[in-house]
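As they're listed, the protein sequences go chains A and B. The opening residue of the first sequence carries number 0 in numbering that gives the first Met the number 0; numbering runs sequentially from there. The opening residue of the second sequence carries number 0 in numbering that gives the first Met the number 0; numbering runs sequentially from there.
One should not assume that every hint holds.
Cβ pair distances, simulated, as ranges [claimed, not checked]: (1) A/125 - B/74: 54 to 64 angstroms; (2) A/122 - B/303: 48 to 58 angstroms; (3) A/20 - B/307: 22 to 32 angstroms; (4) A/136 - B/15: 34 to 44 angstroms; (5) B/36 - A/93: 15 to 25 angstroms; (6) A/41 - B/321: 23 to 33 angstroms; (7) A/20 - B/93: 45 to 55 angstroms; (8) A/78 - B/366: 42 to 52 angstroms; (9) B/61 - A/78: 40 to 50 angstroms.
Footprint (simulated), chain B over chain A, 3 or more residues, beta carbon under 8 angstroms [to be verified]: (10) 3-12; (11) 42-56; (12) 90-103; (13) 121-131.
In case anyone wonders, no lab produced these hints; they're calculated from the structure. Heads up, the beta-carbon is just placed ideally off N, CA and C, and yes, glycines get one too.
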Amino acid sequence: MACSWIKVEDFVETSYWISIQNNTTGTRVPDSPEVELTEVAQQGLTLRLPRNACSNGHQLVLTLRKRVRSPLEDGEEEIEEEIQMTAKVVQAEDLDENTRSVEVRFYQYNELLWREFLRQFSGRQERVNALVKAIVE
Amino acid sequence: MDDLSKEEIEFSKSLQDLRFLIADASSGRRSIRKLLSHFRVKANLIEVADTAADAVRLLQEKRPHIVFADDSIGEDGAALGLVETHARSLESERLRVFFLMTARESNAMVTGAAVENVDSVLVKPYTFDVLSHQFHRVLTEKINPTPYADAVQAGKALLERGQYQEAIEAFREAMRLDPRPALACSYLGAAFEAQGEMDQAEEAYLEGLASNPVHFRCLGGLLDCLLRKNEIERAYEVGRKIVEHHVVPMKRVPDMIRLSVLNHKFEDVLGFFGYSDALARADKGASIYLAAGLVVCGLYFLQRRDLPGATDAFRKADVVAQGNPKVQKRILMALVSAGLEGEVNSYAAKLPPELKNCPEVRIAELRRLAQNSSPAKVVERARELVRNGIKDKEVYALLLEKSKQIALSDALLEGLFQDAVRDFPQERAYFENALGASGRNKG
């Protein structure tokens with residue numbers, strides 16, 4: 000039975016997840032909460048990774064996926080879009096004893112698709128700003 | 000400062016004396032450090048917390064003006080909990096800004112954060128430009144507010160300190176500074192509400208809505224005000240308007256359930272059941288409201304002799320209640336009162352003995368017995384309850400009434416009457432009436 004007080008779409012969560020293959024060591028970085036995407040740029044991005052996942056100069060294959068989940072419905076995550084990039088670690092800096100912050104620069108990727116992702120990221124922030132504005136002003 | 004524009008240089012100067020806290024164990028803290036470094040914030044003015052407990056301690060000790068908190072810090076809701084600590088730690092200062100960072104956002108989550116007075120929600124991943132622009136924009140509005148925003152902020156500070164009369168004056172002053180002063184009106188209403196002056200609060204909210212008919216805070220304030228005034232039909236209409244025009248934060252859902260129940264919109268209450276798992280995850284309080292609402296639904300269906308509807312509502316209430324004894328007790332009492340013996344037996348079987356034998360349930364059983372059994376049986380059961388220490392005035396009343404019906408001797412009846420009056424001296428008239436109801440000749 001539908002509930003006229005609750006709009007399911009308002010509870011749909013959007014997030015972006017990244018999986019990583021280290022081509023230099025030939026190992027896949029296991030998916031875990033320690034793998035996190037924080038900052039993106041025109042030709043690269045910054046990640047948090049387990050400390051032993053990679054080092055400066057390593058070549059990584061990154062797969063970024065947009066996921067949506069509707070906790071009020073089935074709660075299952077659905078992958079809406081994805082993009083794959085080949086990148087090189089240009090800076091790695093320890094965050095704590097288990098993780099490090101890693102900056103990578105792309106050298107093989109679909110530039111148009113990446114731009115579309117960047118547009119999505121800024122559009123998402125604008126939408127959030129509008130929601131906050133409606134409450135605080 | 001070569002890489003900063005002239006405007007940014009001015010902006011960075013205004014940050015010189017501000018203190019910062021980054022409450023973030025993720026890689027986001029590196030981005031925030033980079034951002035602050037970009038705006039030439041001195042490193043000694045930046046504190047970093049890895050845990051929510053650290054963040055609370057640093058908020059109290061260092062009293063930072065600007066907080067960046069990642070929603071992954073601590074347990075669910077811990078980051079939002081820092082907003083209040085931040086406000087308390089800077090009660091006497093006008094400038095404070097709270098940024099919440101999150102990687103997983105929904106409209107309801109963002110709205111909930113804004114309602115909790117988060118100034119800005121930063122969604123990850125972000126580009127440095129977006130992060131920088133957002134920081135610049137939010138801080139500039141706070142550091143150089145319009146006269147109207149400044150007056151509202153001054154009033155808010157007074158309101159937080161409990162100086163209601165001064166706050167009311169500040170908000171009235173603010174209202175003169177803007178042709179559409181809905182925000183000031185919403186806080187004016189809150190100040191009146193805090194003093195219990197509900198009519199004036201309502202007036203303030205309505206004045207705000209005259210300038211902006213869908214203003215979130217005015218609608219929310221008016222809803223609270225009408226609920227407190229027990230004007231449930233009007234409150235329902237306001238609630239519908241909020242749902243129509245805004246994202247409803249989870250925190251408001253209990254109000255919506257309550258409104259549906261009070262307005263007998265039982266289809267709405269049953270509709271909430273479809274989302275009970277999510278409600279339980281998001282807000283345990285909402286689950287209890289929903290369970291209680293479903294019990295009321297069941298009672299309503301019982302009144303209308305819709306037994307399948309009633310048992311369905313009770314079953315749903317039991318699922319949502321997740322073992323809450325108050326709700327279980329209420330369900331059992333309702334089933335007993337309705338004489339649904341099969342349902343009573345199967346439901347009671349899964350309850351702990353202390354619950355199914357609790358006085359309220361035993362009294363409900365007696366009440367039911369009095370409707371459909373012989374007076375002798377009722378007398379026997381009532382005596383048993385009294386012997387077991389369940390001395391309730393209704394039990395005594397039924398005992399007296401049914402004892403009279405089975406023609407108990409006047410002496411024994413008098414003894415029962417005296418026992419009842421001894422335990423409930425204020426209820427003498429009530430017991431006399433109980434005896435009178437069965438046509439007793441007092442003598």
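Each hint, compared with the structure:
1. A/125 - B/74: 54 to 64 angstroms: Given range 54 to 64 angstroms: violated, Cβ gap about 30 angstroms.
2. A/122 - B/303: 48 to 58 angstroms: Check passed, 50 angstroms falls within 48 to 58 angstroms.
3. A/20 - B/307: 22 to 32 angstroms: With a Cβ separation near 57 angstroms, residue 20 of chain A and residue 307 of chain B fall outside 22 to 32 angstroms, so the hint is violated.
4. A/136 - B/15: 34 to 44 angstroms: 28 angstroms, violated
5. B/36 - A/93: 15 to 25 angstroms: At roughly 18 angstroms between Cβ atoms, residue 93 of chain A and residue 36 of chain B fall inside 15 to 25 angstroms, so the hint holds.
6. A/41 - B/321: 23 to 33 angstroms: At 50 angstroms between Cβs, range violated.
7. A/20 - B/93: 45 to 55 angstroms: 51 angstroms, holds
8. A/78 - B/366: 42 to 52 angstroms: Because 58 angstroms falls outside the window, the suggested range is violated.
9. B/61 - A/78: 40 to 50 angstroms: 42 angstroms, holds
10. 3-12: As far as the region 3-12 of chain A goes, the hint holds, because 9 residues have Cβ atoms under 8 angstroms from chain B.
11. 42-56: It holds, with 4 qualifying residues against the three required.
12. 90-103: holds (count 5)
13. 121-131: It holds, with 7 qualifying residues against the three required.
In this structure, the earlier hints numbered 1, 3, 4, 6 and 8 are contradicted, and the remaining ones agree with it.
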